Amino acid sequence: MTKLLEVQNLKTYFFTDRGVAKAVDDVSFSLDTGKTLCVVGESGCGKSVTALSIMRLIPEPPGRIVGGRILFEGTDLVALPESRMRSIRGNKISMIFQEPMTSLNPVFRVGDQIAEVLELHENMKKADAMDRAVELLRMVGIPSPESRVRDYPHQMSGGMRQRVMIAMALACNPKLIIADEPTTALDVTIQAQILELMEELSRTTGTAILLITHDLGVVAETAEHVVVMYAGRVVEEAPVRELFHDPLHPYTRGLMRSIPSMSEDDKTRLEVIPGVVPSLLALPVGCKFNDRCRHAFDRCLAEEPPLTTPKEGHSVRCWLFH
Amino acid sequence: MLSFIIRRILALIPTVFGISVLVFFMIHLVPGDPAEMMLGERASEQALKEVREQLGLDKPLHVQYGRFLSRLAQGDLGRALRTNEKITTEIAERFPATVELSIAAMIFAVTLGMLAGIMSATRQYSVFDYSSMVLSLVGVSMPIFWLGLVLMIIFSVHLGWLPLSGRLSYHIHIEPITGLYILDSLLTRNWPALKDAVWHIIMPAFTLSTIPMAIIARITRSSMLEVLRQDYIRTAKAKGLSPRVVHYKHALKNALIPVITVIGLQFGILLGGAILTETIFAWPGIGLWLLNAVYARDFNAVQGGTMLIATTFVTINMLVDILYAWINPRIKVS
Numbered sequence: 000m001t002k003l004l005e006v007q008n009l010k011t012y013f014f015t016d017r018g019v020a021k022a023v024d025d026v027s028f029s030l031d032t033g034k035t036l037c038v039v040g041e042s043g044c045g046k047s048v049t050a051l052s053i054m055r056l057i058p059e060p061p062g063r064i065v066g067g068r069i070l071f072e073g074t075d076l077v078a079l080p081e082s083r084m085r086s087i088r089g090n091k092i093s094m095i096f097q098e099p100m101t102s103l104n105p106v107f108r109v110g111d112q113i114a115e116v117l118e119l120h121e122n123m124k125k126a127d128a129m130d131r132a133v134e135l136l137r138m139v140g141i142p143s144p145e146s147r148v149r150d151y152p153h154q155m156s157g158g159m160r161q162r163v164m165i166a167m168a169l170a171c172n173p174k175l176i177i178a179d180e181p182t183t184a185l186d187v188t189i190q191a192q193i194l195e196l197m198e199e200l201s202r203t204t205g206t207a208i209l210l211i212t213h214d215l216g217v218v219a220e221t222a223e224h225v226v227v228m229y230a231g232r233v234v235e236e237a238p239v240r241e242l243f244h245d246p247l248h249p250y251t252r253g254l255m256r257s258i259p260s261m262s263e264d265d266k267t268r269l270e271v272i273p274g275v276v277p278s279l280l281a282l283p284v285g286c287k288f289n290d291r292c293r294h295a296f297d298r299c300l301a302e303e304p305p306l307t308t309p310k311e312g313h314s315v316r317c318w319l320f321h
Numbered sequence: 000m001l002s003f004i005i006r007r008i009l010a011l012i013p014t015v016f017g018i019s020v021l022v023f024f025m026i027h028l029v030p031g032d033p034a035e036m037m038l039g040e041r042a043s044e045q046a047l048k049e050v051r052e053q054l055g056l057d058k059p060l061h062v063q064y065g066r067f068l069s070r071l072a073q074g075d076l077g078r079a080l081r082t083n084e085k086i087t088t089e090i091a092e093r094f095p096a097t098v099e100l101s102i103a104a105m106i107f108a109v110t111l112g113m114l115a116g117i118m119s120a121t122r123q124y125s126v127f128d129y130s131s132m133v134l135s136l137v138g139v140s141m142p143i144f145w146l147g148l149v150l151m152i153i154f155s156v157h158l159g160w161l162p163l164s165g166r167l168s169y170h171i172h173i174e175p176i177t178g179l180y181i182l183d184s185l186l187t188r189n190w191p192a193l194k195d196a197v198w199h200i201i202m203p204a205f206t207l208s209t210i211p212m213a214i215i216a217r218i219t220r221s222s223m224l225e226v227l228r229q230d231y232i233r234t235a236k237a238k239g240l241s242p243r244v245v246h247y248k249h250a251l252k253n254a255l256i257p258v259i260t261v262i263g264l265q266f267g268i269l270l271g272g273a274i275l276t277e278t279i280f281a282w283p284g285i286g287l288w289l290l291n292a293v294y295a296r297d298f299n300a301v302q303g304g305t306m307l308i309a310t311t312f313v314t315i316n317m318l319v320d321i322l323y324a325w326i327n328p329r330i331k332v333s
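Residue numbers (numbering that gives the first Met the number 0), protein chains in the order written: chain V, 0 to 321; chain R, 0 to 333.
Since no wrong hints were added, every one of them can be taken at face value.
Listed below are several chain R residues computed to face chain V (Cβ distance under 8 Å; list not exhaustive):
1. 229
2. 236
3. 238
4. 239
5. 252
6. 253
7. 326
8. 327
9. 328
10. 329
Keep in mind that the hints were calculated from the coordinates and are not lab data. No experiment lies behind these values; they were computed from the predicted model shown. Even for Gly, the Cβ is constructed at its ideal location relative to N, Cα and C.
Full structure from sequences and hints, please.
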């Protein structure tokens with residue numbers, strides 16, 4: 000079976016006055032039709048840039064995809080002319096963003112914003128597109144969609160707006176939805192609802208989801224496969240059960256230990272990973288995690304480890320597993 | 000929306016009342032006796048007294064104001080002291096000329112200014128951006144009378160393309176309906192007059208438009224740049240929309256909000272009469288008329304003219320407010 004999405008050695012750099020920021024450096028992963036893949040990492044690890052690279056929405060300048068391929072149904076998106084790319088965006092690949100409060104245009108009715116995609120990609124007439132918009136709003140669980148379709152974004156709550164974004168993303172029955180931290184800006188109960196909704200819709204429509212998050216709780220609930228990123232690189236990749244059962248990379252282990260436990264008798268303090276994500280303009284030599292790693296030894300400071308596969312289907316970028 | 004519009008119109012009443020107070024009392028703070036102005040310095044005390052009585056100038060101020068207000072309510076601004084013509088008649092003769100010139104100037108300013116602003120913003124730091132912004136700086140700083148004269152020398156004297164001054168050639172006659180010559184000649188299907196009127200208005204309108212055009216271009220650019228950074232623009236791009244739709248539909252409607260304020264203010268200023276432009280191009284508008292009234296201490300004319308201009312200004316502002324609410328759905332709630 001051919002993969003739906005294959006990212007191969009993707010490199011997206013930002014050329015700034017202070018130097019070249021290698022936001023995404025040699026990242027590879029793949030996603031099958033109808034599956035869910037999670038990309039996890041702290042802020043600034045390159046996960047959003049990866050998502051925007053797939054959409055070819057990197058602000059250019061200063062950013063640019065300088066290497067690698069993004070195969071979508073066998074077509075390399077990196078090499079595609081902008082006009083062909085536009086017919087894919089919002090159609091076969093759609094995107095949901097982190098900030099529901101600001102991601103909808105404040106001066107257009109939500110119905111019109113959904114209908115716009117249908118008119119563009121499906122050549123629908125305005126009236127038909129509006130009917131379909133009502134249907135989509137019902138599908139994402141907005142009550143009385145017939146009247147809500149005429150609302151402006153400011154008349155809706157954050158959770159509602161994110162549902163509208165999801166409706167908009169689903170409008171053209173995409174093969175892939177990229178969700179960049181879709182629940183980060185929402186409160187916890189709404190988060191769970193939105194995640195459930197996305198999971199259910201993915202199951203019923205067969206849409207694959209590339210979920211970008213920093214929240215391991217979200218990962219555990221939704222993903223089938225997980226990619227952990229650090230400083231623009233993939234540091235670990237595994238199926239979700241395997242990753243939670245046996246995290247290999249010291250960074251992933253650190254992330255796991257920083258999840259609060261729900262059990263009453265667990266009175267130990269939560270662990271943190273010391274330090275912060277290094278600046279992309281001043282990455283350490285050798286392993287990029289060496290300055291925050293408690294297991295670092297000589298080799299880590301001198302040489303960057305390659306991605307290896309110590310266990311079946313579980314790869315890691317660490318000298319401890321060589 | 001309707002109740003919003005009604006509320007806005009009602010809010011005009013106290014404003015106009017306030018204007019009438021200011022206009023009436025401010026003009027009486029200025030030294031100078033209108034009776035003396037009319038009759039000359041050598042007039043006898045008796046003659047002066049008679050004139051003062053005739054004009055009601057001998058009454059206490061609050062009585063004079065009461066009379067002014069009651070006449071104002073009836074649409075009567077009194078007679079000009081210089082000409083003894085009704086002020087409403089004098090204004091009716093001149094104001095349409097100013098309105099027509101202002102509208103023509105704003106058409107230039109809005110279309111060219113906004114276009115330059117949008118194109119600069121979407122091509123930030125390009126040659127076009129730099130040159131249009133330098134040009135707009137020149138536009139705001141250039142003295143109008145100088146630009147007017149240069150245009151006259153080039154297009155009338157040397158090239159002979161455009162008429163030198165005035166609103167219409169002597170041999171052309173237009174049946175007055177609204178007093179706006181271009182509109183009137185269109186309504187009466189008088190094509191030679193239409194052409195003549197358009198030819199006459201191009202140069203003064205363009206001259207008058209330079210400052211508002213430059214201001215509009217700059218505001219449009221900065222407002223567009225601000226909007227283009229917003230998340231919903233990224234959403235629009237992620238939908239697969241072309242840059243044209245993203246810029247002119249999704250960005251522009253948001254960017255328009257501050258631009259409209261500026262357009263309204265500038266239009267209001269132009270309607271107050273462009274004294275310089277009207278003088279250079281011998282344009283028979285309200286600005287020149289009002290200036291002469293001030294020189295002559297023609298209290299009634301200054302009061303009437305200022306009332307009209309100030310009321311027009313606040314009315315334009317009210318229209319801008321309504322336009323706001325129409326463009327920006329968030330305003331209606333508050």
